[in-house]
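**Student:** Given next are the chains, with one letter for each unit.
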Amino acid sequence: MEAALLITLRGASLRRSHRLICQVSVFGLHVTVPTGQTIFGRDGPVWMNFRVQQHFIIHKMAAREPSRYLTRAIPRAFAPSPRHQAFIGRRNVSDEAPTRRLSDELETASSLTSRVSENTAKSFDPVSRASARKSQLPRSRYQFRSPKYDRGPLHPHQPPAPSDPSSRLFVPGPFSLPRTEQTYNATVASDIMTLCYVHTPPGFKPPPKAPRLREWDDSSPYHKNRPLRGPRGGDVLRLLRKPIRFNNIPKIERITVHSYVKQAAQENSSWIHVAGIAIQAISNVRVETFKSKSSVATWSIAPGRDTVAVKAELRGETMHHFLGKLIDVVLPRMKDWQGIKGSSGDSSGNITFGLEPEHVALFPEIEVNYDMYPPKMIPGCHITLHTTAKADKDARLLLSAMGVPFHGKIVQ
Amino acid sequence: MSSGSNGARRITSLLRPSNLDSGVCRSCQGTLGRRNYASAATATAAEATTDASAFATTTSTPPFPYTINAGVVLSRPPQVTRDLEPFEKAYYFYQKRLNERLALPFTKYFYFKRGTPADEDWKKKIQERRTPARDIGKYNAYASDSWNDELLLGSKEAEPDHQVEMLVQDAESTANATSQDTSKKEEIPRPHSRVTEADKKGDHKSLNRMLSRTLYLLVQSKEGYWKFPSTPVETEETLRQAAERTLSQTAGVNMNTWMVGFHPAGHHVYTNRKPHVDKTSGVENLGEKTFFLKSRIMAGQADLSAKEDLKDFKWLSKEEIQSHVLPQYYSYIKNMLADR
Numbered sequence: 001m002e003a004a005l006l007i008t009l010r011g012a013s014l015r016r017s018h019r020l021i022c023q024v025s026v027f028g029l030h031v032t033v034p035t036g037q038t039i040f041g042r043d044g045p046v047w048m049n050f051r052v053q054q055h056f057i058i059h060k061m062a063a064r065e066p067s068r069y070l071t072r073a074i075p076r077a078f079a080p081s082p083r084h085q086a087f088i089g090r091r092n093v094s095d096e097a098p099t100r101r102l103s104d105e106l107e108t109a110s111s112l113t114s115r116v117s118e119n120t121a122k123s124f125d126p127v128s129r130a131s132a133r134k135s136q137l138p139r140s141r142y143q144f145r146s147p148k149y150d151r152g153p154l155h156p157h158q159p160p161a162p163s164d165p166s167s168r169l170f171v172p173g174p175f176s177l178p179r180t181e182q183t184y185n186a187t188v189a190s191d192i193m194t195l196c197y198v199h200t201p202p203g204f205k206p207p208p209k210a211p212r213l214r215e216w217d218d219s220s221p222y223h224k225n226r227p228l229r230g231p232r233g234g235d236v237l238r239l240l241r242k243p244i245r246f247n248n249i250p251k252i253e254r255i256t257v258h259s260y261v262k263q264a265a266q267e268n269s270s271w272i273h274v275a276g277i278a279i280q281a282i283s284n285v286r287v288e289t290f291k292s293k294s295s296v297a298t299w300s301i302a303p304g305r306d307t308v309a310v311k312a313e314l315r316g317e318t319m320h321h322f323l324g325k326l327i328d329v330v331l332p333r334m335k336d337w338q339g340i341k342g343s344s345g346d347s348s349g350n351i352t353f354g355l356e357p358e359h360v361a362l363f364p365e366i367e368v369n370y371d372m373y374p375p376k377m378i379p380g381c382h383i384t385l386h387t388t389a390k391a392d393k394d395a396r397l398l399l400s401a402m403g404v405p406f407h408g409k410i411v412q
Numbered sequence: 001m002s003s004g005s006n007g008a009r010r011i012t013s014l015l016r017p018s019n020l021d022s023g024v025c026r027s028c029q030g031t032l033g034r035r036n037y038a039s040a041a042t043a044t045a046a047e048a049t050t051d052a053s054a055f056a057t058t059t060s061t062p063p064f065p066y067t068i069n070a071g072v073v074l075s076r077p078p079q080v081t082r083d084l085e086p087f088e089k090a091y092y093f094y095q096k097r098l099n100e101r102l103a104l105p106f107t108k109y110f111y112f113k114r115g116t117p118a119d120e121d122w123k124k125k126i127q128e129r130r131t132p133a134r135d136i137g138k139y140n141a142y143a144s145d146s147w148n149d150e151l152l153l154g155s156k157e158a159e160p161d162h163q164v165e166m167l168v169q170d171a172e173s174t175a176n177a178t179s180q181d182t183s184k185k186e187e188i189p190r191p192h193s194r195v196t197e198a199d200k201k202g203d204h205k206s207l208n209r210m211l212s213r214t215l216y217l218l219v220q221s222k223e224g225y226w227k228f229p230s231t232p233v234e235t236e237e238t239l240r241q242a243a244e245r246t247l248s249q250t251a252g253v254n255m256n257t258w259m260v261g262f263h264p265a266g267h268h269v270y271t272n273r274k275p276h277v278d279k280t281s282g283v284e285n286l287g288e289k290t291f292f293l294k295s296r297i298m299a300g301q302a303d304l305s306a307k308e309d310l311k312d313f314k315w316l317s318k319e320e321i322q323s324h325v326l327p328q329y330y331s332y333i334k335n336m337l338a339d340r
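Residue numbers (the UniProt record's numbering), protein chains in the order written: chain A, 1 to 412; chain B, 1 to 340.
Bear in mind the hints are in silico, worked out from the structure with no lab data behind them.
Label pairs and their calculated CB-CB ranges:
| no. | chain 1 | residue 1 | chain 2 | residue 2 | range |
| --- | --- | --- | --- | --- | --- |
| 1 | B | Pro86 | A | Gly403 | 28 to 38 Å |
| 2 | B | Glu172 | A | Gly380 | 31 to 41 Å |
| 3 | A | Val116 | B | Ser193 | 28 to 38 Å |
| 4 | B | Ala171 | A | Pro126 | 27 to 37 Å |
| 5 | B | Ala118 | A | Gly403 | 32 to 42 Å |
| 6 | A | Val171 | B | Ala306 | 52 to 62 Å |
| 7 | B | Glu159 | A | Ser131 | 21 to 31 Å |
| 8 | A | Val116 | B | Arg190 | 29 to 39 Å |
| 9 | A | Val171 | B | Glu159 | 24 to 34 Å |
Quick caveat: nothing in here was measured; it's all calculated off a predicted structure. Even glycine gets a Cβ: it sits at the ideal position worked out from N, Cα and C.
Please build the complete structure, drawing on both the sequences and the hints.
**Tutor:** Here it is, written out as structure tokens:
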């Protein structure tokens, strides 16, 4: 021990397996230190720079432990550590939180568990009570009506939040906890984190990388104030792939179902209506329609003239249900389909594949009333699985873990 | 590039003094020592002074005082979705009824052709339950008392079991009403029970227990301690190879498993009270360090008959593991076990 420490312990001890927390006061500077850690300032242990005046108080939580470990543990707590350690004021998950319990923060009494006498429960009939009322209250007394127009933040009549059922923007849901979401959370996410772990030993410094955007070499006076040059070998600046850790495990962000119906321009608009209904049926989302942007002379499509495409964008619960149907119902029943091509992907973690019209008809929503769709008008579609992965490799790892098959040469 | 220059580079790399740290393991030292051309040019000047002393320390390293073990965390992922909390059930049910109130009316003519048996069946059912949805009970979203959308105490409608039963009954009655053959009753199979035989019997050795939880293989040593299967890593063996060997040696080869990656997901350190000193060589052994690799079981079952020093095995969930293993062991392993 480098400096004299006045230590006060209140019926406490330290045990190897527990990282207890002591409050250390150094010149009135209060910090929380797990034992077994040395307190380091910028130039060495703190007590070499300061004279420790105050005392150590071991928290009351430590008082539960028997004190025979104390004599062993105390010197260890103050032994200089071979590894450089930062000034630690954090708590780990593995630490036991000192006094906070769930019941401190949550209300324990729940309306779901409270006891009501059986007679009260049986006699409670809201409909008959309402009809027995002699005079009805005016609507304005019990029903809040959200203002129709936004009159600015200073107006006294403000609309409620969109999550409020009385809001005009309220959309109900979610209605269930999807299977694919649960599988991802319980199984896939942790496996991906283990698979993608890259070990860097202590003291490892990654080799310096060239800058992503290149400087101009100033060989010409016109280089002044020019924006930086793009990467060598192409204009595309690829996404930066960071090491995958607990907080950036790739997950499925959204799914886009898109259908381009050329007959909508060649023949009549019924094709686009049927396509919209079919895509809406399989995706559970209102579709957007699009006019053609480019001219295709052979299909007699002119830009901006005809509505030729529909698109549905799925997120959240709807997306997970769609993915589940795709993986468990549709893809296994597709004849002579080996899987998504290994070369598919936009090299930033989004994978696209196409479904033929006969494959779209395999969706259970279309199968139940297949006869009601005009014959041969069910469209094919392109499905894009957008993931938060920064590279196609990671996106394929995620999707194949979720059960989407891939085939052919895998292009990274 | 010609092989000659490659060979020359290899020789110079051997001659180059090492800048390695003796505290870093052998496989990682390769990573630390590796440099690319850009960093090599900048670093040479700075390294020249420090290299000589570092090289001297790495030549004779004392044997590592701990036994290194490879452990396997063999797990069976959840097979079914989890049970919903009472709050979740109530919430989802309420949202479904709200949706009935806010959504556009059901387009009946798109789904049922007029005059067909299916249409007749539909008319009968909508009279009964007042709503096209089959899992929200009897509720009319467009009537004047549609405000009465909350469930009363003790009602069954929000229970998933009840909803599944309603769906199956609906499908059965539709199949019976629309089939040509009236003599035969259509039977639609119910989903299997979420509680299995093994759950009822309390059979900890079965893989069919606790379908909604992740199960982990634990083995019991001769002394009665429960732990994950582990054995010491042999020389010239990677951690992954050691883990695979551990699995086949302890739990038998009658399993179809998949090792998740090459890196350990957790570790456990056990320090002996007094260091064990080997009589012949005088080498001190302070304890053992176990590194756990994750693995998934696809099919098969564990079989301990080949291993004499193990008494028993069990497939346990996270909470059960806590009551089986020592608290110190659990504090090391708990963070690598899945919550569900």
